[in-house]
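Please work from the sequences and hints to get the whole structure.
Top to bottom, those sequences are chains A and B. Its first residue numbered 1, the first sequence is counted upward by one per residue in the numbering used here. Its first residue numbered 1, the second sequence is counted upward by one per residue in the numbering used here.
No wet-lab data here; the hints were simulated from the structure. All C-beta atoms, glycine included, are put in the ideal place defined by N, C-alpha and C. It is possible that some hints are incorrect.
If we take Cβ atoms under 7 Å as the criterion, some of the chain A residues that face chain B in the derived model are [unchecked claim]:
| no. | residue |
| --- | --- |
| 1 | Ser32 |
| 2 | Gly33 |
| 3 | Asp36 |
| 4 | Ser37 |
| 5 | Leu41 |
| 6 | Gly59 |
| 7 | Gln61 |
| 8 | Pro81 |
Derived DEER-like restraints, expressed as beta-carbon distance ranges [to be verified]:
| no. | chain 1 | residue 1 | chain 2 | residue 2 | range |
| --- | --- | --- | --- | --- | --- |
| 9 | B | Phe412 | A | Ser31 | 40 to 48 Å |
| 10 | A | Asn5 | B | Arg462 | 21 to 29 Å |
| 11 | A | Glu4 | B | Thr376 | 41 to 49 Å |
| 12 | A | Ser16 | B | Lys199 | 37 to 45 Å |
| 13 | A | Asn5 | B | Arg43 | 21 to 29 Å |
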Amino acid sequence: MLDENTIRNAARETASEIVGRSVSDGQRLISSGLIDSLSILKLIGSLEKKLHIKISTDGLQPDDLDDVQLITETVQRVARPAAD
Amino acid sequence: MSSIRRDAVSVLASDMQINSLSYLFFLVAAVAVFWCIPVGWRRPFVLVASVFFYATWNTAFVAVPFSICVAVYGASRLMIAKPAQSRRWMWMGIAMVIAVLGFFKYRNFAIANWNSLMLWFGARPLSFAAAIALPLGISFYSFEAISYLIDVRQNRLKNPRFTDLSLFIMFWPHLIAGPIVRARELMPQLSFAAKFDAKFIFEGLDRLIWGLVQKNVIANTLGAWVDAGFLSKSVRLPSTPDSWFTAIAFGLQIYFDFAGYSNIAIGTARLLGITLPENFRYPYNAANPVEFWSRWHMTLSRWVRDYLFFPLNTHFLDSRTALYTSLIGTMCLVGLWHGAGWGFVIWGALHGVYLVAYRIVEAWGVGRAWLKASATIAALRIGTLAAITAAWVPFRAASVQKAGQMLGAMFFRLSAGMHYSLGFYLFTAAIVLLCAVEPYVAQKMAAWDLAGTRPSWRIVARPLAYVCGLALFIIFDEHNAQFIYFQF
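Dropping the structure here:
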């Protein structure tokens, strides 16, 4: 399984790409409106590609991805290796 | 308005509308008792006050939110007791809530459409069901009940109790027209354990009185002209400027009507020490359609995102076409949530198309510097406002045909002439100006609060503003002026 730092770095990098500027770890991404509905899906897709994982979204809500720390914890909790 | 909507509205008249003097008397008494009784009595007191408030409209219909609470609580207990079958019980609970909503809100709309289809095939139509009033707030508390069920299944709510659920659903400040609250943000506050603090009263009154002014002074005044424009029996088609002014006036009326209600709801809750989520953030200052939906009816947008759009679309991560189709479909459902009529569906579909079009332009514009130029941004802002205004026409028009006539006059059959009263044009223009400066005024006041540098004149200005606001509210009070969103 991926280590926490790898996930955190990928989360920070992906969130920064979507927002268009660097984001800090505690910065609210969804509740602040920085990332909208479609971009949340883009975030999940990008993370899956970068980390070669499948994120199970059953039981997930956008709030679970509201900042880099939450994304890291959520990915650790629900991700499994990609089937390819 | 369609006949179905008019039937529903006509039976909604209540002696204790949230913008009436009788409501203010109820509120003063309720807040006074709330802060005087022991903390342990506050929960039963608020529940009783909420039931009383709802019963002033229709005593028998208290059974509707109560039945939903019973059904949802039963389903949630079964989910917890039988985790292996939690998905089934969640869907059972959701189906029950949707069945109640469908029975009251969409029954005759479904029959009317079915009959149109049958007549087309030459078959015998069904007879319409007897008209039943639409229970106040049913669309709002149904969505809250559905979110509760999903949150229980996802273990976001621990150890749900019936009293917690019924207080969450029935809490009167948000019961009849939102904001659409999530159980996990409201339930922890419903212990009502806060100690009395004068800031609750001041913050509550600030919002409450501004909400009353927004509703009674601005929305009601615009409403009289808007009704005349949209419900005109004149055979003459409206001119281009009159059509635009009428559509703009309705856009302003519905904003001040619903933002006014939301402020009254948020202010009422604040008087009891409770914080409800914000519902509006200067939506007509949005630079594009995506931003509009992050500022307009924010708690509905959030609900749709969390409980509909996100779970549906995580399966379409790689297909842009599927995502865009789903976005338009979701917006059609948002339109249908507002009311049982095709005008609402068209309004939702138009917004779906706007969102998709903006996404396509945004993706295409990456790396094109001229798209970031001030002139382009200003043009996009004006285009967004024009598109939003045009979409209000089918939302408000009496029929799809009437909407087509007005949109035709706005965009295709151009004609000059301004046939309404001068007061209408001037008042509408003044409110447009108010919308433009409102965020800057609010920003300045928030900066004073943050820095603790309130000018000394605010000590006098605040009570003076309360007195002026209440005086305006009473002067402009119209006993039968309903909130537009009460019919949803």
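Status of each hint after checking the structure:
1. The interface hint given for serine 32 of chain A is broken, as the beta carbon of that residue sits about 10 Å from the closest beta carbon of chain B, more than 7 Å.
2. At a threshold of 7 Å, the smallest CB-CB gap from glycine 33 of chain A to chain B is about 5 Å, leaving the interface hint in force.
3. For aspartate 36 of chain A, the suggested interface contact is upheld, since its CB lies about 6 Å from the closest CB of chain B, less than 7 Å.
4. Checking serine 37 of chain A against chain B: minimum C-beta separation of about 5 Å stays under 7 Å; hint holds.
5. This hint holds: leucine 41 of chain A has a C-beta 6 Å from the nearest C-beta of chain B, less than the 7 Å allowed.
6. The beta carbon of glycine 59 of chain A comes within 5 Å of a beta carbon in chain B, closer than 7 Å, and the hint placing it at the interface holds.
7. Because the beta carbon of glutamine 61 of chain A sits about 5 Å from the nearest beta carbon in chain B, less than 7 Å, this interface hint is met.
8. Given hint, proline 81 of chain A at the interface with chain B, is violated; its Cβ is 17 Å from that chain's nearest Cβ, farther than 7 Å.
9. Checking the proposed 40 to 48 Å range against phenylalanine 412 of chain B and serine 31 of chain A shows it holds: the Cβ atoms sit about 42 Å from each other.
10. Between asparagine 5 of chain A and arginine 462 of chain B the CB atoms are about 52 Å apart, so this pair departs from the stated range of 21 to 29 Å.
11. Taken as a hint, the range 41 to 49 Å holds for the pair glutamate 4 of chain A and threonine 376 of chain B, whose Cβ atoms sit roughly 43 Å apart.
12. Here the CB-CB span from serine 16 of chain A to lysine 199 of chain B is close to 38 Å, well matched to the stated 37 to 45 Å.
13. In this structure the hint that asparagine 5 of chain A and arginine 43 of chain B lie 21 to 29 Å apart at CB is violated, the actual value being about 46 Å.
Violated hints for the displayed structure, listed by number in ascending order: 1, 8, 10, 13.
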